[in-house]
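Chemist: Take a look at the letters that make up each chain.
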Amino acid sequence: MSSENKQILTTDGIPLEVSLKKAEKKNKVKAFLLVAPLLLFIIITYVFPIGDMLMRSVDDKMVTEMLPKTYKSMETWDGKELPPEEVFEAFYFDFQRLIEEEREGKLSTQLNYTKNGFKSIIKKLRRKSKSFEEGNYKEQIMAVHKRWADVEYWRAIKRRAPAYTYQKYLKGMDMYENEKGEIVNVAEDRRVHRILWLRTLEIAFFVTVFCFLMAYPIAHLLATLPMKYSNLLMICVLLPFWTSLLVRTASWMILLQQQGIVNDFFVMIGLVSDDNRIEMMFNKTGSYVAMTQILLPFMVLPLYSVMKTISPSLMRAGKSLGGTPFIAFWKVYFPLTIPGIGAGCLLVFILAIGYYITPALVGGASGTLISNQIAFHMKSTLDWSFASAMGLMLLSGVLVIYWLYNKLVGIDNIKLG
Amino acid sequence: MASKKDFVKFDKVDKSYDGKILVVKDLQLDIAEGEFITMLGPSGSGKTTCLMMLAGFETPTNGEIYLDGNAISSIPPHKRGIGMVFQNYALFPHMTVYENLAFPLRVRKIPKDEADKKIDKALSMVSLQGFAARMPGQLSGGQQQRVAVARSLVFDPQLVLMDEPLGALDKNLRESMQYEIKHIHESIGVTVVYVTHDQSEALTMSNRIAVFNDGKVQQLSSPDELYEKPVNSFVAEFIGENNTFAGEVSDISDGRCKVKLANAEILANPISVKGKGEKTTVSLRPERALINPSDKMDNIHNGKIEEVIYHGDHTRVRINLLGNPEFILKIPNSSSNLDIKLGNEIKIGWNSDDARALDPK
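Residue numbers (our numbering), protein chains in the order written: chain A, 1 to 417; chain B, 418 to 778.
It is worth saying that the hints were derived from the structure and are not from the lab.
Wrong hints could be hidden among the right ones.
[To be verified] DSS-like, lysine-lysine: derived pairs with alpha carbons at most 25 Å apart:
| hint | chain 1 | residue 1 | chain 2 | residue 2 |
| --- | --- | --- | --- | --- |
| 1 | A | LYS228 | B | LYS526 |
| 2 | B | LYS529 | A | LYS331 |
| 3 | B | LYS526 | A | LYS331 |
| 4 | A | LYS331 | B | LYS535 |
| 5 | B | LYS534 | A | LYS331 |
| 6 | B | LYS426 | B | LYS442 |
| 7 | A | LYS331 | B | LYS496 |
| 8 | A | LYS180 | A | LYS61 |
Keep in mind that this is a model prediction, so the values were computed, not measured.
Start from the sequences, fold in the hints, and give me the full structure.
Modeler: Here's what the structure looks like:
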């Protein structure tokens with residue numbers, strides 16, 4: 001039709017579309033300026049740190065920068081036999097410069113990550129290299145320690161040549177790249193991370209299930225009780241929310257320890273004997289109990305907000321149409337609460353998977369999660385790149401769960417309140 | 418049809434929620450099979466409570482309800498087999514129209530092909546064929562209402578309860594739905610108990626109307642009787658428009674009584690007055706009073722026109738008559754009533770039969 005293609009003009013003769021864009025531009029700019037501070041805040045506090053974390057987890061420039069000449073000369077070395085003289089020479093000069101800058105300690109730490117045994121031979125080399133004579137460095141270095149004459153150690157140095165590495169990710173999954181460049185599992189007795197990942201998933205899963213089982217009746221009660229009782233109950237639900245996380249965890253320690261109130265009570269009613277008190281803390285039980293209690297409000301609130309919108313007449317309709325109370329609940333009420341269940345479970349699971357302080361305090365050795373391991377590497381071993389790698393693995397795990405959830409339930413089916 | 422006179426029977430039913438106030442007092446009500454009965458009353462009059470007791474969502478504090486001769490107080494709602502239409506339809510929002518209608522059939526384990534037939538029948542009854550796959554959210558208010566009605570009828574209940582089902586619809590739709598529900602009732606002969614606070618709805622649809630006030634049935638009768646012959650001043654006031662004169666009976670003899678007002682005396686029909694000196698409220702329907710009456714009428718008085726409101730098919734005239742400044746008159750816009758002007762004195766007459774001397778307010 002011709003009228004569709006005809007351009008509509010305003011009374012001033014400007015095309016309507018142009019005029020509309022112009023009129024709306026001001027509003028768009030205004031709206032953008034209003035969100036700009038927040039956007040900036042998010043970029044500074046969220047996008048940059050995560051980007052930095054990503055870089056750090058794959059960054060391996062340190063050794064590359066410390067041994068520039070060595071790596072240059074190694075380019076032609078095939079790694080089958082001991083490297084030629086010029087590699088040794090280049091390494092000697094790089095090393096001398098590091099000694100001057102007092103950075104040879106860092107080199108030994110870094111190389112030791114790649115292969116054990118570097119620490120002592122670098123120390124020895126530093127001592128001996130003061131008396132080195134000019135020329136024939138290969139002989140002189142190899143004479144310092146027999147490991148310097150071992151081709152494996154030179155290969156280890158060469159493996160650190162690329163500026164970026166995925167080694168930390170392999171380590172996070174208890175794997176490593178061996179001398180031949182194959183990705184293999186670490187020895188069975190040293191596989192700590194896989195256990196932690198699985199335990200993290202397990203604890204997060206069960207905490208979510210427990211939270212759901214406990215929160216559903218509470219939320220239902222909250223939504224159906226008369227106002228004056230439901231307000232009181234709501235405060236009871238929210239009170240822990242307003243209490244410090246540490247205080248709550250500490251109070252669980254008081255309750256759950258072997259000389260604690262719960263055990264005292266069990267002994268008193270004769271459930272257990274005095275010398276056979278139950279261990280409820282510093283193990284998984286402790287993590288389960290404390291995390292379930294702490295995360296419960298995150299399940300109650302979305303469920304409550306959904307249940308509040310379900311008209312009581314729907315249940316009545318279900319019953320009046322002949323459904324038993326159970327059928328009316330299962331076929332009518334329950335399906336309508338699914339958006340709340342989805343929101344609550346996703347929220348609790350994601351929070352639980354990254355939980356740190358509570359498992360650290362009450363989890364003991366068998367109740368700690370992957371985040372405790374991350375914190376350990378951040379604070380104790382100072383291997384930040386490894387901590388970053390595990391942090392990113394955790395983040396991508398959460399994203400995968402989110403994606404799965406979206407596939408299964410649909411993210412627009414969620415209702416947080 | 419061989420209908421039972423007391424298909425549903427409320428026998429001395431009391432209901433109290435807090436142990437202090439009775440919301441339903443000593444209710445005695447028989448509903449015949451196939452009847453369309455409306456419980457009409459202002460909010461808080463106990464009508465919905467009665468319906469909820471019948472449906473099984475409330476239990477009577479005292480007394481018993483019988484359905485087809487069986488006491489039902491101890492039977493849970495889902496075993497009563499009563500269809501119900503709720504105030505806001507209560508359609509299951511996560512189910513299609515088909516699934517909504519299939520719900521009562523599925524819980525009764527009716528085979529699928531038979532259920533499909535019933536659903537088709539129910540949907541065609543409310544003229545919603547072709548809507549089976551829609552979700553309730555995709556339907557208009559009127560359509561949702563029809564689905565709710567269809568759902569309450571699909572499992573062939575003997576009794577259907579409707580709790581202000583048309584309250585959320587706009588005026589035109591409400592009126593057409595009234596006729597539709599009435600026709601459905603007539604065609605399938607189901608017993609309907611209908612709750613509303615809208616008197617015109619009640620008058621349009623019902624065989625009988627129970628007017629509730631203060632937890633009691635004030636009057637139970639057919640719509641015309643309710644309107645023409647209210648038994649007390651609450652009913653007279655609640656149903657339709659009403660002109661009242663408050664006064665005292667000064668004489669009473671062979672079906673006539675004289676009522677003394679502040680400065681006049683009128684003749685009235687004694688309904689709830691027995692003797693001289695009783696206080697009374699005389700009720701007169703606006704359309705029973707005429708302007709320029711013939712001499713046969715036994716009440717003829719002069720009044721002054723205070724207000725004239727044009728209403729299309731008729732004109733409402735407010736007159737100050739015998740000390741009542743709120744006397745309303747409805748004059749059809751057919752005749753040439755040119756002297757209806759503000760401030761004019763006009764002559765108004767009515768028969769004493771139509772002026773009902775009821776209890777004082």
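Chemist: Look at each hint and say if it fits the structure.
Modeler: Results of checking the hints against the structure:
Only pairs whose Cα atoms come within 25 Å are accepted, and LYS228 of chain A paired with LYS526 of chain B is rejected, the gap being roughly 42 Å. For the hint linking LYS529 of chain B to LYS331 of chain A, the alpha-carbon distance of about 18 Å falls within 25 Å, and the restraint holds. Using a Cα cut-off of 25 Å, the hinted pair LYS526 of chain B and LYS331 of chain A holds, with the two alpha carbons roughly 15 Å apart. Taken as a hint, the LYS331 of chain A and LYS535 of chain B pair is honoured in the structure, with Cα atoms around 21 Å apart against an allowance of 25 Å.
With a C-alpha separation of about 23 Å, the suggested pair LYS534 of chain B and LYS331 of chain A falls inside the 25 Å cut-off, and the hint holds. Between LYS426 of chain B and LYS442 of chain B the CA atoms are separated by roughly 15 Å; this keeps the pair inside 25 Å, and the hint holds. About 17 Å separates the Cα atoms of LYS331 of chain A and LYS496 of chain B, which keeps this hinted pair within 25 Å; it holds. Straight-line distance between C-alpha atoms of LYS180 of chain A and LYS61 of chain A comes to about 22 Å, which keeps the hinted pair within the 25 Å bound.
Consistency with the previously given hints fails for number 1 only.
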